Structures are given as C-alpha cells and as structure tokens.
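With the hints as your guide, set chain X onto chain A.
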Amino acid sequence: MDEAADWLVDSLRLYHDLHAFELPGPTRVLEWTDNQGVYVAGCESQKKNEILHLLLPPKLSAENQGLCPERDFRVKHGGFSDKPVYNLKHVPETRLLVTTGPPGNSLQVWQVAEDSDMIKAVSTIAIHEAKSNLWPRIAVLVSKVPKVLHGTRVNDLHVTELESQNTLYMSGESDSEEEISSLQVLDADTFVFCCASGRLGFVDIRQKWGDSGRTTSSPGPGGELWCAAVRTSGLGSGPTIASLSSNGQLQLTDLRDLDHPVSTVQCRVSKPSPDWELLTVTWAPSLDGCLAISGFDGTVQIYDTMSWEKNGSHVEPLFIHKGHLFMDGTENSMHSMVTTHSWHPSKPRTLLSAAVDASLHVWDWIDPCNSC
Amino acid sequence: MPEIKVTPLGAGQDVGRSCILVSIAGKNVMLDCGMHMGYNDDRRFPDFSYITQNGRLTDFLDCVIISHFHLDHCGALPYFSEMVGYDGPIYMTHPTKAICPILLEDYRKITVDKKGETNFFTSQMIKDCMKKVVAVHLHQTVQVDDELEIKAYYAGHVLGAAMFQIKVGSESAVYTGDYNMTPDRHLGAAWIDKCRPNLLITESTYATTIRDSKRCRERDFLKKVHETVERGGKVLIPVFALGRAQELCILLETFWERMNLKAPIYFSTGLTEKANHYYKLFITWTNQKIRKTFVQRNMFEFKHIKAFDRAFADNPGPMVVFATPGMLHAGQSLQIFRKWAGNEKNMVIMPGYCVQGTVGHKILSGQRKLEMEGRQILEVKMQVEYMSFSAHADAKGIMQLVRQAEPDNVLLVHGEAKKMEFLKQKIEQEFHVNCYMPANGETVTLLTHPNIPVGISLGLLKREMALGLLPDAKRPKLMHGTLIMKDNNFRLVSSEQALKELGLAEHQLRFTCRVHIHDTRKEQETVLRVYSHLKSVLKAHSVQHLPDGSVMVESILIQATAHSEDPGTKVLLVSWTYQDEELGSYLTSLLKKGLPQAPS
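Chains as they are written, first to last, in full-length UniProt numbering: chain A, 1 to 372; chain X, 1 to 600.
Honestly, the hints are just simulated from the structure, not real lab data.
Owing to the predicted nature of the structure, the values given are computational and were not obtained by experimental measurement.
Note that the Cβ used here is the ideal one computed from N, Cα and C, for glycine as well.
There's no promise every hint is true.
[To be verified] Simulated pairs of lysine to aspartate or glutamate, EDC-like, Cα-Cα distance not exceeding 16 Å:
1) X:K418 / A:D115
2) X:K418 / A:E114
3) X:K214 / A:E114
4) X:K224 / A:D17
5) X:K396 / A:E22
6) X:K214 / A:D17
7) X:K127 / X:D145
8) X:K223 / A:D10
9) A:K120 / X:E105
10) A:K322 / A:D6
11) X:K224 / A:D10
12) A:K48 / X:E430
[Said to hold, decoys possible] In silico contact screen, one side only, chain X against chain A (beta carbon under 8 Å); selected entries:
13) R219
14) K223
15) Q383
16) K418
17) K419
18) Q429
Isolated chain A, as found in the complex (with noise of 0.2 Å):
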C-alpha cells in the first residue's frame, strides 16, 4: 500500500524513536510501574485475556543509544484473566494491581509474584451493579494500607481497604445516579471524578459526603459523553481539568472553579467517536500544558493548550500519530482505533498508544516548531 510507504518515509522526520509491536490481544491499559515497565491487558470477552508486564525496548533508556541494539519488549510477569480488562491500576509500593471490568460486579486483586514470573488472583471485591454493561472505575489512593476508590455511579464510590475488605467511605445513596467514566486521585485524601453526563465533582474524604467539601459542576453541554483528566504536574497556576466530549470538544476546567469552564475548543476530528468509552484524554508530565487525546479513530492527538486563543474556536493538533492507521499496510489498519495512550514519566515527548489489532507503539515525535 503506497500510503503506507509513503508514510514510513515521512516517518522519518517525523519521529526520533519509533518502535511497534504486535500484543496477544488488544489491551485498553497502559499503566506504568515506573519508569521502564507498563502493564498491559487483555480486554476481549470469551477468550482468556493475559495481564502482562512489560519492560520496556532497553535502547529508549540506553544512554548510548546508538550502541545498544535491544529493541524488544520483555515479558517480565504474565497472568491469565477470564474475564476481559478495561481498567487496571497499580498499587504504589506494593505487588498487587487491582482490575476491572465488566460484568462490573467486582474488583479483582492480583499479586506480581516476588520469585517468578507469575501474576495471580489473590482475592475479589464484591460490588453491587445491578446492569452488567456496566464496570466501576477504579483509582488507587496514596496511603500506607492499601485502598482502592471505585464506583460506577455517583451515589455508589467507595474507598475499600484491599487487604480487610472494610468500607472506609462512601458517597451519599440518594444522590445522583449518573455513571461515572473518571476517576482520578489528587493525593491521599482527595479526587475528582467525571461523569459520562460531562459534570465534574471534586471530593475530600475527611469529610462527609454532601458536606461543603464537595462542589460539583453541571452536566457539560449538549447530550454529549464525557471523560476527564486532572493535570498533576507542571509550574504555576491555570486550569488544570480537561475534559474531552465524545464530539471532540475540549473544555479546560480550573479545580478551584468547577462550575466556569475556563476555555472550551473543539478539536480536528473528522467524526464523533464511536465507542466513547475509549475516550482518552491525558495531560503531558513534562511538557507544560501538553494534552494529548485518543478515542475517535486510530490516531493521537497532541494539542498545546497554551496557544488557543479565543473559546469555541476551533484548534489543530502540534502533531498527530498515524501509526496505527498505516504501520501494518494492510487494508484493514485505515479502519483502526486507538484503545488508550499514556505519556512517558520522564521522556517528554514520548508516547505509549495501543489500539484494536493488538498493536503496541512506542513513538517520540520531534516537536515540528523546534527547529525554527
């Protein structure tokens, strides 16, 4: 296929490192260890998924790039999962993830083995979801006793202690029924959460639900589902939610302010996305007010929040990953869509993006505006 070649030649000034590769199956994970391992997972239904670890190609991390020819990812530790994986989190400081999925009427805990290769289910959260299209969004809280915030609904989060299985907090009952499709964690007492609805909520669990800690924005416009992220690093002040709409629009938030979105821009895409729930918008860690948004083909885009001008404009993308689109030359990759994708924690333009053939790529594109 001709665009694919012709791709792969542009790809050339288009990229400084670029790595593919083909997973077992698809994986709608990307969560990172730290610097040089991410977990992957497995999300089809009726098949056995595996939950992998992988180390990343040592030649992104080599200080002599040049000399160190090892391109390959390592399988550091596998497990098998019956159910598929939509969502899976890490436990900071420990050897346990926690994952989810649907049916969503329970957490799974596993445990990274210390003396082999092996994951394995340690022990199950029972939840209480009555529609089984339905899965809980997880986040994990910084503390010493290892605690996992989920919930699919507004009126149904909670913070579980894994080891004792103990309610250490829940939202209020009567409140809303909205489903929820974020959930971050700010540090060991607070987090914000978005609904499908577009509305945002920031809570503190030192105090009761329903209490003033609590301030909560209205739905976001027009019918439209939603997701967000909450910027946790870089200088200064300025909003620091993004939330990204299933039309492709961007409405940038401040946490102090949840109820006067700060801008709002509709992104290039050339068509609404057809899976909302693989919406993903994420916050460079290195690149001050860097975004980057995944979910409505098989492209990622990176948008530089600080150069917009005006609101309801219109605004293009610093740079846009095609590889999912062109890298197999197939007829059928220009039909791809892309699962998730996550920043790397230290390289600054360096990006994990999976998509549904299974395909992994690892790719630091150069910044088109530094060589002027």
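What follows is chain X alone, placed relative to chain A:
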C-alpha cells in the same frame, strides 16, 4: 519402557552455547555443538564429560546434527570431533556445510593470531572435521542406520538454517535450532508439517520477548543512513558475504529510488564474488525477491548500487559502502574503517554480533581509541551504530510452531525456569501438552506411548465378529489369540493356526468324574436308566446310546461299571474334554442328584 531423554549440555545457566543430547529408543543423537562466545577458557565448550563417561564418543553417539552456521551452534565442532574425538557422521544442510568452515577459520584466526591463544583447534582440524560431514537436503529422509532416520525442515533465521526431525520407529523428536516465524526480505519463514512428534525441543532465549516490528528496524537503519548522507558523511556497513547484505541492499535501493537520492552506494567486489558463488549454490534457500536481483551471472541487478574500487574510499562527499569481513577484523572493511574513523560526520553500522578481539567488538563496547598494528593509535570519531537484524522466534513464534507441529510434549532450552513459568502455563493451557524446562546438565525423561501395529489373521477376525460386536476403532476390545513376533513384525492368530505354524501338537485334556448310583441291577440297565433320564431332561442336546453300552451327550462319554466292593452301587464314569467343561460339570451335578426310579 519407551522413553525419550533430553539433556542440555554445558555448565551454568548461561545462554550462548547450544549442545543437546537426545536419546530415543536407545539411539543417541547430539544436537548442535556450539561455542560460548563470552568465555576465553574451557567454559566456552559444552561439557562433553557427560557423554564421555559412557565410553568412546563414536561408539556412544549415533550421529551429530548441526542446525546452522552461527558459532554458538557449531563453534565447538572441530574441538569436539578432532580434539575430544568423534568419527561418526555429522549432518547439516548444504549451505551450512559450505559456510561453516569459513566462519570457523575466521574465528580460529581471530582467537589464535590476534589473541594468541594456544589450546585451540587448527586449520587442519577444521578440514578434517568437515570431511565427516554429510550434507542433507530439505525434506529428504536420511537413514542414519536401520532404525534411525532424520529429516531437515526450513527454519528461516539465516541461510541454510534447518529444524531437524529425528525418528526411530514410531517415536520422534523435533529440534528447532534457531528459527523465525515471520519472513524477512531475503529468507522465508520457518515451516513444518503436522508431524505430531512425541517431543518438540525449542530454543527459548527470546521466548519472553515481544519483538519490535521489522518496519521499525528498517526505518531506523534508513534514518541513520539518510542523516549521515545528508550531512555529507560516509556510511560503512561491514557484512558477511551472503544474506543480510542483499536484504539491506534491496532496502536502500528502494529508498534511494523513492527519495531520488544521488549519493553513490557501493558493494565491494570481493563481496560480489563470494555472494555470486553462494547464490549459485543455494538460491533455493532464499526467497523470490532475492532471486530477482540476480539476473546476470556476474552482477547484481541494482540501479543505484555499483561495484566498489579501493580508490573510491578517498573520494569526497557522501557515500554508502558494503564491505567484508563483517567484524572489521581484517581485509577491506577494516581498511575503509581506518580511513573514515577520524571524521565525526561518518558512520559505521554493525549489523551483527562481533567476536571478542575484533575491532568490531571493541567499538561496539564503546572504545574510542584503538591500538592498531605498529602501536598506532586510531581515534574513532565516527558514529558507531549497532543494529540487530537477526530474527529469532519470540513467544508468539513459539506458539505458532507448536500449533503447526502438534507435539505431545514441548521442551524449552536456554531459558531460566523461574522467568518462564508464565510461558509454560500458556503453552500447557493452549495445547494441553506438558512443557519442560531443564537446566544445563539436567536430564528430562519422557515416557512415550508408542502404538505397536499388529496384524490379525482373517480367521481370527471372522471368529471375533461372529461373537457379535463389530470392532470399534475408538474402543479397547478384549480378544484371545496367540501373538507371534517374528522378523520385526507382530501377528495375532488363532491358537490352532499358531500350533500349526510352530509345528506343535495340541494337548488334549480330558476330565473324568465318578458318580455313584445305587442300583442293584446290571450295568447295562443302569446305562439305560441314565440314557432315558438324560434324553428326557436334555432336550437341547444330542443324547445317544452307543452300541458299546455307553451314553454320549454331545461329545461327553458316560459309562457304567460295577463298584469293586459294593455290588449294589454302580459307578458312572463321566468323561469330557477341556472344551466341554461347562456341559461336563452340569451333567455331573445333574447325575449326582440321582436317577428317577426305574419302572419295574
């Protein structure tokens, strides 16, 4: 017990030295004989004492098989055959036989001449060793002896690499050597039929990796070459004569065409000659694309790639040169390297592993100052790039091969058991086979369950079928017969036929039982009473009164005699053969019950 034993030889857990001992049904085969490139002493050789403790190697081993020409698979062969001592057959494919001695000689030169080692094999030993080699073709069944046969399958990986099936009777094992399941630009992918071996032995060095795509590797190569040429620099690519060189040429040619680049690309003449030579011998081992580049007899059909002349190395401006030898240890590539090393605009791309002691190895270790002949110091300012193009099977590849061959058991060598528990479970779950991972020096014993074919005589078959049930191939059936083992085959026949064939007479067993009957009359009267009684009771059987005064029921004889001491008692002698046991017993118990009163 029918069993297969596998022992990977060599000490320690270190990868890098392939040598596996397999025993099938009493036949002993050694698979590969590799050198560990990381050691300078005896640790680089496999531990042959494991086999030599059983006596002379030539007597113990039935054959040696070498999978391909990489030194970690054949590097210890001359040492093994000429210094330890083995005179039996050594099997390998034709390209391996042609290329092996060259690499072994190169390696010997580097080790002895450059590093000054003494306890090493000589050039003559390499020649003597190769005389013991028998070359085989792909898919050709080779009879090593009456019982042992081997067959080579295409393995990809490098030119001439093969996977070998070893078969004794109905037991077989397949050894993969190094293989690759995805085709590249000059080799096809490994392939094997559904041969269902008892055991599949596969290297697992890369089993826990997920390989970067070929496109990204090639992209990297093109990027480096392009960047160097764009800034006016020169690119040196040291290569071995055949294989990878062609592949990289095709890649560059396509790229140059597309980008309309003008910088010259050269292929050194020594390289062309060698390549042409091997091409003629082994074209069937490469793939279609490569064959198309060889149109005329003495030239490569490339538009942008020309033959190199020494003088060109001094030309100004950018260029790319492919030159031998591959490790920069001598010859043209080293000459060019010396000229270009001092300029930081230039680049050298090493496409493979370099043996210790070579300039290639030194610069890949990061050395920037080299001591050359005559104590001259060479400062290396040019960029050094290490690119690995060699193809090995990763986890996915291993699964694919297991799926193709359908073995009963899988054995992984050269991996650390603790680091491969996940793969072991994956294989066991997906294919329902046992997966073994022995350490070096550890023996794995597998029990096989061979099917022994037995011919059954028509007569016996008919007899069994007459009993009612038709034979069902899936169900075990109990039969009676005689098994005759003669001339290496088995036959199941009826006893009578067996006796006939063996010229034996059948023994007749006859039982006689005495029944006492109270009867004062004469014996003949008693017999008559017995006859009438039996005739009336045994309606289903033939009862006859014979002229000699005895009664015959079927073939059972009943006679009456007087009791020696008591004239009022008559003794009935009931006599029958072994075959009539059932009826005989029945008659006896019937008669013991007594006879009805005689009519007066």
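Verification of the supplied hints:
1. Our distance criterion of 16 Å between C-alpha atoms is met by K418 (chain X) and D115 (chain A), whose separation comes to about 7 Å.
2. Only pairs whose Cα atoms come within 16 Å are accepted, and K418 (chain X) paired with E114 (chain A) is accepted, the gap being roughly 10 Å.
3. About 33 Å separates the Cα atoms of K214 (chain X) and E114 (chain A), which puts this hinted pair outside 16 Å; it is violated.
4. This hinted pair checks out: K224 (chain X) and D17 (chain A) have alpha carbons roughly 12 Å apart, not beyond 16 Å.
5. Using a Cα cut-off of 16 Å, the hinted pair K396 (chain X) and E22 (chain A) holds, with the two alpha carbons roughly 9 Å apart.
6. Restraint check for K214 (chain X) and D17 (chain A): satisfied, since their Cα atoms lie roughly 14 Å apart, inside the 16 Å limit.
7. Taking the CA atoms of K127 (chain X) and D145 (chain X), the gap is near 25 Å; set against the 16 Å cutoff, the hint is violated.
8. The suggested pairing of K223 (chain X) with D10 (chain A) holds, with an alpha-carbon distance near 10 Å, which does not exceed 16 Å.
9. Only pairs whose Cα atoms come within 16 Å are accepted, and K120 (chain A) paired with E105 (chain X) is rejected, the gap being roughly 51 Å.
10. Proposed proximity of K322 (chain A) and D6 (chain A) is supported: the alpha carbons are some 12 Å apart, at most 16 Å.
11. Between K224 (chain X) and D10 (chain A) the alpha-carbon distance is near 14 Å, which keeps this suggested pair within the 16 Å criterion.
12. A threshold of 16 Å between alpha carbons decides the hint, and for K48 (chain A) with E430 (chain X) the separation of about 10 Å falls inside it, so the pair holds.
13. Among the interface hints, the one on R219 (chain X) holds; its C-beta lies about 6 Å from the nearest C-beta in chain A, closer than the 8 Å criterion.
14. Given the 8 Å rule on beta carbons, the hint for K223 (chain X) holds: about 5 Å separates it from the nearest Cβ of chain A.
15. For Q383 (chain X), the shortest C-beta to C-beta distance to chain A is roughly 6 Å, which falls under 8 Å, so the interface hint holds.
16. Restraint check, K418 (chain X) versus chain A: the minimum CB separation of about 5 Å is within 8 Å; hint holds.
17. Nearest Cβ of chain A to the Cβ of K419 (chain X): about 5 Å, under the 8 Å cut. The hint holds.
18. At about 7 Å, the closest approach between the beta carbon of Q429 (chain X) and any beta carbon in chain A falls short of 8 Å, and the interface hint on this residue holds.
The structure fails hints 3, 7 and 9 (numbered hints given earlier, in ascending order).
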